[in-house]
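Given the sequences, and given the hints that come with them, work out the whole structure.
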Amino acid sequence: MPTMIKVNGKPREVDVPDEKPLLWVLREDLGYLGPKFGCGAGLCGACTVHLDGQAVRSCITPINAVGSGQVTTIEGVSANPVGKRVSEAWTEIDVPQCGYCQAGQIMSAVALLESNPSPTDEDIDSAMAGNLCRCGTYHRIRDAIRKAASQKTAGGADVR
Amino acid sequence: MSVDTRALAADRRLVIKAMLATGGALAFDIEIAMAQASQPAAARSAGIAASRISAYVAIAADNTVTITAKNPEIGQGVKAMLPMLIAEELDVAWDAVKVEQAVADQSRFGEQFAGGSMSTPMNWMPMRQAGATARAMIVAAAARQWSVPATEITTAKGEIFHARTNRRAPYASLAATAAKEAVPAEASLKLKDPATFSIIGRPVPGPDTPAIVAGKPLFGVDTVLPGLVHAALLTAPVRGATLKSHDPKQALAMAGVRKVVVLRQLGHDDAPVDALAVVADSWWTASEARKALVAEWDNAGRDKHSDATFAAAASAAFAAKPATSVRKEGDVDAALAKAAKTVSAQYSYPFLSHATLEPQNCTAQFKDGKIELWAPSQMPNEGKELVAKAMGLPVGAVTVNLTRIGGGFGRRLQSDFMILAAAIAREVPGLPVKLILEREEDFKLDFFRPAGFQKLEAGLDAQGRLTAFRTHLVGFGAKGEPGRGSELPNDLVPANLVPDAELGLTLLESNIPLGWLRAPGSNALAFATQGFLDEVAAAAGKPLPEFMLETLGESRLVQPPKLPGVPDIWQPPAFHTGRAAGVIREVMARSGWRGAAPKGRGFGFYFSHLGYFAVVADCVKSGDTVKVAKMWVAADIGSTVINPMNAEQQIRGSMIEGIGQVISGLKVPIAAGQVQVANFDAYTLPRIDVVPPIEITMVRTDFPPTGLGEPALPPAVAAVANAISSLTGRRVRSLPYEA
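Chains as they are written, first to last, in this note's numbering: chain A, 1 to 160; chain B, 1 to 739.
No wet-lab data here; the hints were simulated from the structure. Warning: the hint list may mix true and false statements.
[Unchecked claim] Derived DSSO-like pairs: lysine-lysine, alpha-carbon spacing no greater than 30 angstroms straight-line:
1) B/LYS370 with A/LYS20
2) B/LYS249 with A/LYS20
3) B/LYS389 with B/LYS370
Quick look at the structure:
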C-alpha cells in the first residue's frame, strides 16, 4: 500500500513492503544514494540518517517505523545551519580517505552538535564511536567537529 | 612470462605479475596517445568545447584543464597525486584543474593498478613527462602561430608568454592546434627544477571531497543504469564447498524475484566458488529471497581445517627442519653454541580480513556479445582479462569503467566479484545487473591475510651484539608455493645484517584462500621480528632502537641475494642502513627516547615498499585492557612528499590499523573450514575512541619519492605490541593482544 514519508522536507510516496529498511527505500525507491550500505546490522554507521533530528541506522529501521517523521539524509543536511557548518568543515579539513563512511560520519556529527553545540573530546568520541572508518580518518573527524563547533561558539550565531 | 616468481615477496610479486601481464616495465615508455575518446565528461557537461591534447590532458575554452587520473582510487589519494604531477609540468594552476577518472585501458594508460605502494615510484617521472609533453605541444603551437622560436616562449599558470613581442595567450586558445603538433621525443622534454614546484609538495585536498561530503553517487554500489536489476549471492558456509543440490522455489515465489542463477566454479582462478545468485527488481528483495534459498553443499573434506589443527601442525613443523630454506649463511648452530647468550621464542598471528567498508560489488551488462562492467577494482585490467576468459569472449569485448572504491587494502586486487557479476549478467542478457555482497558473504569470500607461526632464535656475544639469527616461518600455501602474503623474503631484517643466518619456511595447506593485505607479509613479519628483537635487546641490556642502530652498523647498501631468473629491474630493492638509522634516530629524538625507555613505551622499525619507517608508541592501562596514549612516526620516502595533506592521512591510517591489529581484537578464527566472523560485531575494527595523538616527521633524503599506502603499517604493529609488553611485563607473542 502506498505510504507517504518526508525526506529532506519533501513528501515522497512509496509503495514497498512494511519491513523494507529505510536505507533501501532511500537508495532504491527514492534515489538518495548518499546513505551507504555497510553491514546491514546497525554496526558500522555508514547508513546513518536523521529521523526527527535523531541519528538512526537506516539499514535496521523498517519503513513502517518512519511514519510521519522527518527524514534527513546527507543530500539534505546542509540545508540546516549546523549541517552546513559541519559539511564545510569536512571539506576544508579534507576529512575523507576512501570516503565511503563519511556520509554517516557527517550525519552523526550533525546530530551531536544539534544536541551539544560545544562537545568535549570525550563527548565527540562517545557520539562518534558508532561510526566505523576503515581508513582511519578519525583525527580529522574530531578536527572537523571541533571546527564546526568553534564557529558556532565563537560567533555566537551561525557563521555565514 | 618465463620468470620464476615463486620466491618473490608479495609486493614485488604483485608488481611483476602486473607488469608481465602486459609486457610493461618499471620505466615504461611515456606514450601519449592522441584523442580517440570523445571530449571529457567534465567539459561536456558544462557545455564547453574542449581540445584533447593527450590521453591525460584536455583543455576547455574557459582554460580549465581536465586531467585524467589513471589509477583506481581506494582512499590512498592517487586521484589527486598523479594529476598533481601532470599539472606541475603542464604549468597550470591547480585551481583550474578538473580531475577525471580513466577507464581501464592499458593501450592508453599503461599499468593501472592500486597495489604495492607502486603508484608513486612507477609514475613519478612518467606523469611529469606526460605534463611536460602536453606543455611542449602547446608551446610548439604558439611558436608556429606567432612565428617565434619555441625557446623564447615561457609559460605560467596556464598561459603562454613571449616577452620580446609582449604577447600572451591562454592555453585554451592554442589547444586545438597543439593537439595536432607532433608528440615530442622524451629526451627533448625539459622537466622543472624541483625548487620551482608550485603544486608538488603543497597540500592538495581530494578532488572528490566536495562530492563525498554532498553525498553524491561515486562508488561501485551507487551505479545506476536504465533497467537495472539487482543480485544477492549465497555461497557455502565452508569456503570452496561445491553445490550438491538446491531448491529455489520459495525464493522464486517472492514478489520481485526474477531468477535464481547457479554459478559453478567461478571467481578467482585459485579459489573458485559455487554460488546461487538471486536476481530481483531490488537488492533488498534479492537479499530477502537469498534467505529463502535451500542449498546443500559438498564439503569434500574442507571442513577438517581449524585453528587448532593449524597450531598442531605448526608445533609438529617446529620439531623438524623447515621444508624450504630461503636463506642460509654461515653456521647458525655453531654461532649459537658459542654465543654468550641465546634467546628463543615463538610468535603467532591470526588470519585477518580486509573488511572494506564498501562490500564487494560490481555492475555488469551483457549485450550483443559484449560485456560492460562498472567495477571497484584495484587491478581492473587483470579483471578485464579474467572476465573475458571466464565468459569466452575476446578482451576487446569487455569494457571496464572504474568507480571510486570504498576501501581496498588489497582485497580488490582479486577480481572474483567482477567475474561473478559478469556470469550473472550473462543470464539476464541486455539488463544491467548490480551484484552487492551481504556483509556475511563479503567476510566469507575474502582472501585472508595468512595466519602464521614463527620460531625465532638469536645469539649475542659478550658485548651484547647480535651475532646469529634464525627464524622458521610456518605459513600457508599449496604445492610448495607460499600463498599471497605468506612469503618469507630472503632479505628479512636482521638476517641480512649478521654473518650467521637462516630463514626457513614450511607451508600448511587449507581451504582458506589468501590475499594481500596492506603491507602484505611485512605486517606480520614486523610484529614477529621486531617483537623478538625487543626480547633480544632486553637480554643484551639495551633498548631496541639503540640495539637496532648497533645492528645496522655503518651506512651502506645491503644487497639482497639475487633471485634466479628474474631480470635486474625486478630484483628486490637494496636495503639502505643509513636511511634506516636516520628514521630511528629521528623518532628517538622526537619522542625524547634516551637510555632505558619508561614503562609502557615500545619501538618498531621496518623497511617495506621502498619506505623506511620507525614508530614509538606509549601505552597506558585503561580499565581491564590497555590503550595507546601517543605515537611518533619518522618516515623516509625519499626527496619529496608529493601531497602532504594526503601523506598525513596515510600514515595516521596505518597507525590506527596497527592499533587495530594488536589491541582491537582483530582476528578471523577458522573452525571446521568456516570463517568465524560474519559482521563487525565479531570483527572489531578500531573506532574513534582508541585513537591517540600521532606526531609525524618526514625525513628527506636524496632518493626518488616512493609510496606511502603501506610501509607505515608494519612498524606500527610492532611498536604497539612492544609497548604493551613493556607496560604489562608480559611479552606479547601472539596477536591480537588479550588482557
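Taking each numbered hint in turn, which are not upheld by the structure, reported in ascending numerical order? Of the numbered hints, just 1 does not hold.
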